[in-house]
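Use the sequences and the hints to build the structure in full.
Number of protein chains: 2
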Amino acid sequence: MAKDKLIGVDLGGTTIKFAILTDAGEIQQKWSIKTNIFDEGAHIVPDIIDSINHHLDLYQLDRERVIGIGMGTPGTVNRDKGTVTGAFNLNWKTEQNVKAEIEAGTGFSLTLDNDANSAALGEAWKGAGNNDDEVSFVTLGTGVGGGLVANGQLIHGTAGAGGEVGHMIVEPNGYLCTCGNYGCLEQYASATGVVHLAQDLAEEYVGSSKLKQLISDGDEVTSKIVFDLAKDGDFLANEVVDKVAYYLGYATATMSNILNPSAVVIGGGVAAAGEFLRARVEKSWQTFAFPTVRNSTRVKLAELGNDAGVIGAASLARA
Amino acid sequence: MAKDKLIGVDLGGTTIKFAILTDAGEIQQKWSIKTNIFDEGAHIVPDIIDSINHHLDLYQLDRERVIGIGMGTPGTVNRDKGTVTGAFNLNWKTEQNVKAEIEAGTGFSLTLDNDANSAALGEAWKGAGNNDDEVSFVTLGTGVGGGLVANGQLIHGTAGAGGEVGHMIVEPNGYLCTCGNYGCLEQYASATGVVHLAQDLAEEYVGSSKLKQLISDGDEVTSKIVFDLAKDGDFLANEVVDKVAYYLGYATATMSNILNPSAVVIGGGVAAAGEFLRARVEKSWQTFAFPTVRNSTRVKLAELGNDAGVIGAASLARA
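Taken in sequence, the protein lines are chains A and B.
For the first sequence, the UniProt record's numbering assigns the number 1 to the initial residue and increments by one for each residue that follows.
For the second sequence, the UniProt record's numbering assigns the number 1 to the initial residue and increments by one for each residue that follows.
These are calculated hints, taken from the structure and not from any lab test.
Worth double-checking, as some hints may not be accurate.
The list treats identical chains as one, so a pair stands whether inside a single copy or across any two.
What the hints assert, rightly or not - Lysine to any residue pairs mimicking SDA-like chemistry, simulated, CA-CA at most 25 Å apart:
| # | residue 1 | residue 2 |
| --- | --- | --- |
| 1 | K30 | Q199 |
| 2 | K243 | T287 |
| 3 | K243 | N173 |
| 4 | K81 | S296 |
| 5 | K283 | E171 |
| 6 | K81 | Q153 |
Encoded structure:
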């Protein structure tokens, strides 16, 4: 029987998403389970194995048809060894033998990569990247991650830090980052970065503003609130969004000037602000992009939402 | 007879360099001719053909042993069509059918790329890159160019502008660049950029300085003079070098943060300043590089000098 099915797994700190796809990348079944991080995350890999085996039985899918499993994971992936380290949100304290265990438990080969790279592959293959060989992806969530596809392949670099676009310096001597450097993109374009900017700009702002009032009152402010207020016309909130867009435009232009992808794709929770954010990012990007790049690279929103991870993970199993 | 020889051609505005190499990249013969840019550069391609044919006869090299020719050229290369446009320093006003003509004139297949990409391949293969699959290269000459190797392949991007690192913005609202943008690396780290910085810093400088005196007297100042004076301890000249190194460190750190190469290699005429420049660039690079990158990527000087072009060009013929 011809092998024509892919299994994609998107391992996250709160849920594990699964999908069975055709080898053309169409999702046929998807499901998810809660991530059980108790006991130093010891249940995670067994849960993944059980869930895959159970669902293959449930859907009565002939196991001979499965090409393999691809999985995106937090932490640092050693692709040669098939192990994961430093996935703190999974409560994994030591190096995990993810590949060997899942292969033994399912009988399928497993290909691993980090979650941002997997999402990048998903958007490049079936989303905003239109299956082009040159696609750059930046994802704006709690942090800022990314994945870069050039010549049809992910750029991992020599130690796996390729595509760490959240740590490009966009403001020398700027905000201190968790990585120890100052002025990383992550400090300006992540959900927490947006709030940090809002707090700082509120301090200097003297006009009337709902956002200013929320901050002065000590109410909780999220990046979603900032964007919603900006859409409602709040002056200070718009100043914050302009600043976020400035830095994102600068960073994506630098990525574009170096890589000249057909698309630089913006995804993640903060990008839920949609065209409102994209249009402003593009305006800043236009200022900083090299003319040839301005005419050949496009700034796009991600299109796959939460499915990018499982689709991209599945694509890892194709090779 | 086994094919085991490569021909590399490095086409420049003043000379055309040639080499015959083993398939392992060892130069066996090299020579050069002057570039004849008269008659809209119409003699260039015929001169290349004649010179190759003549030298193969001269060295009595069996033509059956030649794998192919690789060539680096100024201008914009259309690799699919094998043509070159916009090579203004060659006096070529229209699109040139370089590949078809050289193939017809020599009987060998020709692979073309631009000169900076060719030099990058040379350094990656036989120079500072130690034949690693992840090498970034920046060349500091009249302009600033570059070439990026990831997964063992050059990054061309969607329109051939991949690796145009000279047009990364290192100083928003900085010096106006020939590309129309403001603050491109090229305006700070090319030979002309160094002199521009020297002139600007001299204006504000009030102490005693040989460099200041040269500029005040209207004497010719070159980037070599600036570096030589800095090495002699001239205070102003050292301020200029520090500024050049700051921008180069920032730009190479950004390249490193995005690509995490094993080496980011600095070459070109300005890099003749050697370790004096490299050490300062690395100091700035350390400030801006992401920790994982700081521990896995190295800042190195190019090692092949003028041979990088022919060696890298020859490597194009290997595929």
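Hint-by-hint comparison with the structure:
1. K30 with Q199: Result: close neither inside a copy nor across copies, 40 Å intra and 64 Å inter.
2. K243 with T287: both (14 Å within a copy, 24 Å between copies)
3. K243 with N173: both (16 Å within a copy, 16 Å between copies)
4. K81 with S296: Classified as between; 18 Å across copies, 38 Å inside a copy.
5. K283 with E171: both (18 Å within a copy, 18 Å between copies)
6. K81 with Q153: Answer is both; intra-copy 20 Å and inter-copy 24 Å each pass.
When each numbered hint is compared with the structure, a violation occurs for hint 1 only.
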